[in-house]
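Enquirer: Make a model of the complete structure from these sequences and hints.
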Amino acid sequence: MLNINNVFVKYGDRTILDKISLSINEGDRVGLVGLNGAGKSTLLKIMAVEISPHSGDVVRPKGSSIGFLHQDMILPKGRTVLEETLSVLSEVKELEKQIEQINDQIETRTDYESQSYLNLFNELDDLNEKYRISGGQNIQVDAEKILMGLGFTPNDFIRPTDEFSGGWQMRIELTKMLLLRPDYLLLDEPTNHLDIESIIWLEQFLETFVGAVIVISHDKTFLDNVTKRTIEIELGKIYDYKANYSKFIHLQKERRVLQQNAFDNQQREIAKKEQLIERFRAKANKAKMAQSLIKELGRMDKIELDNVNSGKMKLSFPLSPRSGEIVVEVKGLSKSYANHNVLNNVDLEIIRGEKIAFVGKNGEGKSTLSKIILGHIPATGIAKLGYNIKVGYYAQNQAETLDPKLTVLETIEQVSPEDMRTKLRSILGSFLFSGEDVEKKVFVLSGGERARLALACMMLRPINLLVLDEPTNHLDIRSKEVLKDAIKRYDGTLIIVSHDRDFLDGLTEKVIEFNNKKLKTYLGDVQYFLEKRALDNFREVSLGKKINNTKNTIPKGEKKKPKLEEKEYQQRLRQLRKDVQNAERKINRLEEDLKKYESIISDMSKYGTIEYDTAISKHMETKNKLSLAMEKWENAENELEEMIQNKNR
Numbered sequence: 001m002l003n004i005n006n007v008f009v010k011y012g013d014r015t016i017l018d019k020i021s022l023s024i025n026e027g028d029r030v031g032l033v034g035l036n037g038a039g040k041s042t043l044l045k046i047m048a049v050e051i052s053p054h055s056g057d058v059v060r061p062k063g064s065s066i067g068f069l070h071q072d073m074i075l076p077k078g079r080t081v082l083e084e085t086l087s088v089l090s091e092v093k094e095l096e097k098q099i100e101q102i103n104d105q106i107e108t109r110t111d112y113e114s115q116s117y118l119n120l121f122n123e124l125d126d127l128n129e130k131y132r133i134s135g136g137q138n139i140q141v142d143a144e145k146i147l148m149g150l151g152f153t154p155n156d157f158i159r160p161t162d163e164f165s166g167g168w169q170m171r172i173e174l175t176k177m178l179l180l181r182p183d184y185l186l187l188d189e190p191t192n193h194l195d196i197e198s199i200i201w202l203e204q205f206l207e208t209f210v211g212a213v214i215v216i217s218h219d220k221t222f223l224d225n226v227t228k229r230t231i232e233i234e235l236g237k238i239y240d241y242k243a244n245y246s247k248f249i250h251l252q253k254e255r256r257v258l259q260q261n262a263f264d265n266q267q268r269e270i271a272k273k274e275q276l277i278e279r280f281r282a283k284a285n286k287a288k289m290a291q292s293l294i295k296e297l298g299r300m301d302k303i304e305l306d307n308v309n310s311g312k313m314k315l316s317f318p319l320s321p322r323s324g325e326i327v328v329e330v331k332g333l334s335k336s337y338a339n340h341n342v343l344n345n346v347d348l349e350i351i352r353g354e355k356i357a358f359v360g361k362n363g364e365g366k367s368t369l370s371k372i373i374l375g376h377i378p379a380t381g382i383a384k385l386g387y388n389i390k391v392g393y394y395a396q397n398q399a400e401t402l403d404p405k406l407t408v409l410e411t412i413e414q415v416s417p418e419d420m421r422t423k424l425r426s427i428l429g430s431f432l433f434s435g436e437d438v439e440k441k442v443f444v445l446s447g448g449e450r451a452r453l454a455l456a457c458m459m460l461r462p463i464n465l466l467v468l469d470e471p472t473n474h475l476d477i478r479s480k481e482v483l484k485d486a487i488k489r490y491d492g493t494l495i496i497v498s499h500d501r502d503f504l505d506g507l508t509e510k511v512i513e514f515n516n517k518k519l520k521t522y523l524g525d526v527q528y529f530l531e532k533r534a535l536d537n538f539r540e541v542s543l544g545k546k547i548n549n550t551k552n553t554i555p556k557g558e559k560k561k562p563k564l565e566e567k568e569y570q571q572r573l574r575q576l577r578k579d580v581q582n583a584e585r586k587i588n589r590l591e592e593d594l595k596k597y598e599s600i601i602s603d604m605s606k607y608g609t610i611e612y613d614t615a616i617s618k619h620m621e622t623k624n625k626l627s628l629a630m631e632k633w634e635n636a637e638n639e640l641e642e643m644i645q646n647k648n649r
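Counting from 1, position 113 in the sequence shown corresponds to residue 113 in our numbering; the numbering is continuous, with no gaps.
To be clear, the hints were calculated from the coordinates, so they are not data collected in a lab. This one's a predicted model, so the numbers in the text were calculated from it and none came from an experiment. Please note that a few of the clues may not be correct.
[Stated by the list, open to error] With beta-carbon atoms standing in for the labels, derived distance ranges: (1) Thr-401 <-> Ser-316: 16 to 26 Å; (2) Thr-401 <-> Glu-641: 39 to 49 Å; (3) Glu-568 <-> Asp-403: 51 to 61 Å; (4) Glu-436 <-> Ser-52: 23 to 33 Å; (5) Asn-635 <-> Glu-592: 15 to 25 Å; (6) Thr-407 <-> Thr-521: 39 to 49 Å; (7) Ile-377 <-> Gly-12: 41 to 51 Å.
[What the hints assert, rightly or not] Taking lysine-lysine and the DSSO-like style, the derived pairs with C-alpha atoms no more than 27 Å apart in a straight line are: (8) Lys-371 <-> Lys-390; (9) Lys-331 <-> Lys-371; (10) Lys-632 <-> Lys-532; (11) Lys-623 <-> Lys-586.
Glycine included, each C-beta is placed from N, C-alpha and C at the ideal position.
Expert: Right, here's the structure in full:
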């Protein structure tokens, strides 16, 4: 058991951790949550004994091991990926060295009758047994499995580590941590540089991990799938819940409601007693009663409300200027870096108002195509924007491109139109930069604060094509929810590159998968994409496993339907895709209406009102409309699939 006892940390006049205590048990699965800057990473570093608290201590069992994946890591140069991965296993390496030395002695010595020579065999047996127990015989196989699970190919194993970007180097470091199988595995934002496929693989790996896992993550789906306990850090205090993140949110609300109710009841009781004290105090025959009431108040255990950090971004995109019908047109496009081909002869057309997600493994060309579309990098083939396109672009490293020497206010002034200058402080306030915060230098900002500032800079001008490349990497869960809500209300065209399944869920109406230099389109959001491929993980996609789908198989003896003429086929295909998209939009709208009416119906304070009766009537009407819309969608979707299958036969 790892015990944290009365840990106190203060930086300047700000208390980060206020005498907190907690225990991590063997096999615990803990999610550490809170706003950016709450002290999550500080607590992990204290657990890993990388920093010391100002008071308090950390005690863990003697001989127990800790593996700590943190955000600030630099790999040494001069090693291949596999060499660097195996370098962490010093004990196994030492055993290998000793075994090799004894084998050399057995081969070279000639004193076969001596006792010391015979002892070598006993020593070798002992070392081989230790090597077997430590997993040494399988250690390289295990290392290769983990590396491949995190997205490396066998060809990558012999490449130097310094050829890889920071995100891929983080994967090497993560492989080392997983290979060590420590008693306590501390992970600080492990999903930030992983694609969806690798995240799902990591979730499955951690299911069988024996040690305790303590993870900081802003990926709600990852937290739900990995953790069973949530520790929230808020304003220096911790709140411990025996639940994953989604359950924690409900329990947190319940706790605060109960606490508020108890506080309100006690305040009413105190007010009544104080009124009685005032009435009785001036009367001689009631003075004793007044003193009794005063003593009763003094003995009362006062309920204190938790301090709650209610700061929340206020995010809204300006109305989009109208663009042409075709926003993006890509034809016969290819892109290579040196001898590495990323995209090969791809086509893509994006229509005004579409919201599209780019998904796939890292390195498959998602960010590359985004940059080509915007004219940031060259390629062969055609890639052009339509009429009157106003672009808003958030790059994957957007927050890191800000000038560290400038203040927050100076940064936004640099990109502001003249007519917005008087509103900049107000805009920054809506992004949680208020008062003296606007005079902070960029270099002192946290990753989340830089991300918020970069978003603020992007939203000063009206745009009708929004391109977001991994916008959530440094945002806390609350800020991500605000951004997602703003994108849902955004009325322009959207292209988003993201690995965050919860963030993408319900956000887009089309998913484009990047795989093996090609694009494949799915008409729906990321959950629809996963379900459509009948997958629980993206690893099966890359292995090319066939999906059993008896729904559309042709019974034995039944003839295939004749193929349509190409022109007629393409026309019908376009019409069906449009029908599917229109039906999906209508379904989404009707489902939102249903939620609204259900909210009114469930509010018993409105029972018997005209609003309540209208909601009942509208609820039934909307359910019928939704049923019809679902039927239309299903018919169009089935016909679309059947057409494509017949075409490919």
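Enquirer: For each hint, tell me whether it holds in the structure or not.
Expert: Structure-based check of each hint:
no.: 1; hint: Thr-401 <-> Ser-316: 16 to 26 Å; verdict: holds (24 Å)
no.: 2; hint: Thr-401 <-> Glu-641: 39 to 49 Å; verdict: holds (43 Å)
no.: 3; hint: Glu-568 <-> Asp-403: 51 to 61 Å; verdict: holds (57 Å)
no.: 4; hint: Glu-436 <-> Ser-52: 23 to 33 Å; verdict: holds (30 Å)
no.: 5; hint: Asn-635 <-> Glu-592: 15 to 25 Å; verdict: holds (23 Å)
no.: 6; hint: Thr-407 <-> Thr-521: 39 to 49 Å; verdict: holds (44 Å)
no.: 7; hint: Ile-377 <-> Gly-12: 41 to 51 Å; verdict: holds (43 Å)
no.: 8; hint: Lys-371 <-> Lys-390; verdict: holds (15 Å)
no.: 9; hint: Lys-331 <-> Lys-371; verdict: holds (15 Å)
no.: 10; hint: Lys-632 <-> Lys-532; verdict: holds (18 Å)
no.: 11; hint: Lys-623 <-> Lys-586; verdict: holds (12 Å)
Consistency with the previously given hints is maintained throughout, with no hint failing.
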